[in-house]
Amino acid sequence: YARLCRLLVDVGSSVLRDKFDKIHPPASLHTNLTTTCHSTLQALRNRGVLNATQWGKLYPVIRSSVSSRDFDITLLTVLLRNICGLSPPVKGWDVPPPATDLSTTANIARVKHFRNTVYGHADQASVDDATFNAYWKDIRDALVSLGGAKYESAIDNLKNECMDPEIADHYEEMLKQWKKDEDNIKDVLKEIQRELEELKVSTSKSQPKGMFLIC
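Taking the numbering used here, the leading residue of the sequence shown gets 1, the next gets one more, and so forth.
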């Protein structure tokens with residue numbers, strides 16, 4: 001179970017970071033964040049989608065020191081969705097894409113879907129061999145498709161690499177934190193949607209009704 005957590009959090013972060021760096025190269029990241037992307041990111045911060053810690057990573061005291069190496073998987077996912085010009089998968093970001101959809105955005109969505117699947121075993125922190133092998137293959141295929149063949153050997157090595165209990169606990173906790181962060185974002189977005197619906201109803205009620213001429 002800890003290996004699955006590590007595969008998703010560790011390798012998943014690297015793959016998403018590579019994809020982000022191709023769209024926003026490290027050399028121009030500082031410039032992009034302070035110009036073309038700033039208004040979008042500011043809006044996300046105002047809405048509570050980006051928290052203070054994440055904002056500090058995007059805009060450190062020394063602005064030119066910003067680096068995607070400091071972005072965790074939750075922040076990378078938010079950035080890929082909002083400032084990378086990527087069109088959502090056909091069924092949206094939050095729905096598991098069909099097996100036939102092998103697009104970049106579908107594989108990004110799959111990473112989160114597999115996270116949810118693996119997280120479902122968090123209470124026991126274990127999976128049987130058959131389940132482990134099935135999950136590993138599916139996650140491996142998505143990450144290699146998204147990040148390229150260079151990740152194949154690293155993933156295969158991780159499958160059999162020795163992991164001590166402290167490392168195992170670390171990655172299990174990181175997966176839980178990732179899920180918690182994502183749920184917090186969902187709650188914020190639901191609250192925003194609720195407020196927008198209330199505002200829409202309130203505005204509709206406050207508008208004067210049309211005048212009718214009875215003949």
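Quick caveat, the hints were computed from the structure, so don't treat them as lab data.
Among the clues, some could well be false.
Here are the simulated lysine-lysine pairs, DSBU-like style, with alpha carbons at most 30 Å apart [said to hold, decoys possible]:
no.: 1; residue 1: K176; residue 2: K137
no.: 2; residue 1: K22; residue 2: K179
no.: 3; residue 1: K179; residue 2: K112
no.: 4; residue 1: K112; residue 2: K150
no.: 5; residue 1: K91; residue 2: K180
no.: 6; residue 1: K19; residue 2: K57
no.: 7; residue 1: K22; residue 2: K176
no.: 8; residue 1: K180; residue 2: K22
no.: 9; residue 1: K91; residue 2: K22
no.: 10; residue 1: K19; residue 2: K180
no.: 11; residue 1: K91; residue 2: K176
no.: 12; residue 1: K176; residue 2: K57
no.: 13; residue 1: K179; residue 2: K19
no.: 14; residue 1: K112; residue 2: K19
no.: 15; residue 1: K179; residue 2: K137
no.: 16; residue 1: K159; residue 2: K19
no.: 17; residue 1: K19; residue 2: K150
no.: 18; residue 1: K112; residue 2: K159
no.: 19; residue 1: K180; residue 2: K137
no.: 20; residue 1: K137; residue 2: K150
no.: 21; residue 1: K176; residue 2: K159
So, going through the hints one by one against the coordinates:
Simply put, K176 and K137 have alpha-carbon atoms about 22 Å apart, close enough for the 30 Å limit, and the pair holds. Restraint check: the Cα-Cα separation between K22 and K179 comes to about 26 Å, which is no more than 30 Å; the hinted pair holds. Proximity of K179 to K112 is assessed by CA-CA distance (about 9 Å); at most 30 Å being required, the pair is judged to hold. The suggested pairing of K112 with K150 holds, with an alpha-carbon distance near 21 Å, which does not exceed 30 Å.
A distance of roughly 23 Å separates the Cα atoms of K91 and K180; the hinted pair therefore holds under the 30 Å criterion. With a C-alpha separation of about 18 Å, the suggested pair K19 and K57 falls inside the 30 Å cut-off, and the hint holds. A distance of roughly 28 Å separates the Cα atoms of K22 and K176; the hinted pair therefore holds under the 30 Å criterion. Note on K180 and K22: the hinted pairing holds, with a Cα-Cα distance of about 28 Å set against a maximum of 30 Å.
At most 30 Å may separate the alpha-carbon atoms for a hinted pair to count; K91 and K22 meet this at roughly 25 Å. Between the alpha carbons of K19 and K180 the distance comes to roughly 24 Å, so the proposed pair stays at or under 30 Å and holds. Restraint check: the Cα-Cα separation between K91 and K176 comes to about 25 Å, which is no more than 30 Å; the hinted pair holds. Proposed proximity of K176 and K57 is supported: the alpha carbons are some 21 Å apart, at most 30 Å.
Our distance criterion of 30 Å between C-alpha atoms is met by K179 and K19, whose separation comes to about 21 Å. For the suggested pair K112 and K19, the alpha carbons sit about 15 Å apart, so the restraint of at most 30 Å is met. Distance restraint check for K179 and K137: the Cα-Cα separation of roughly 21 Å lies within the 30 Å cut-off, and the hinted pair is therefore satisfied. For a cut-off of 30 Å, the pair hint linking K159 to K19 stands: about 23 Å separates their Cα positions.
About 13 Å separates the Cα atoms of K19 and K150, which keeps this hinted pair within 30 Å; it holds. Proximity of K112 to K159 is assessed by CA-CA distance (about 20 Å); at most 30 Å being required, the pair is judged to hold. Of the supplied pair hints, the one linking K180 and K137 holds, its CA atoms being roughly 25 Å apart against a limit of 30 Å. At roughly 16 Å between alpha-carbon atoms, K137 and K150 fall within 30 Å of each other, so this suggested pair holds.
The suggested pairing of K176 with K159 holds, with an alpha-carbon distance near 21 Å, which does not exceed 30 Å.
Every hint from the earlier list agrees with this structure, and none is contradicted.
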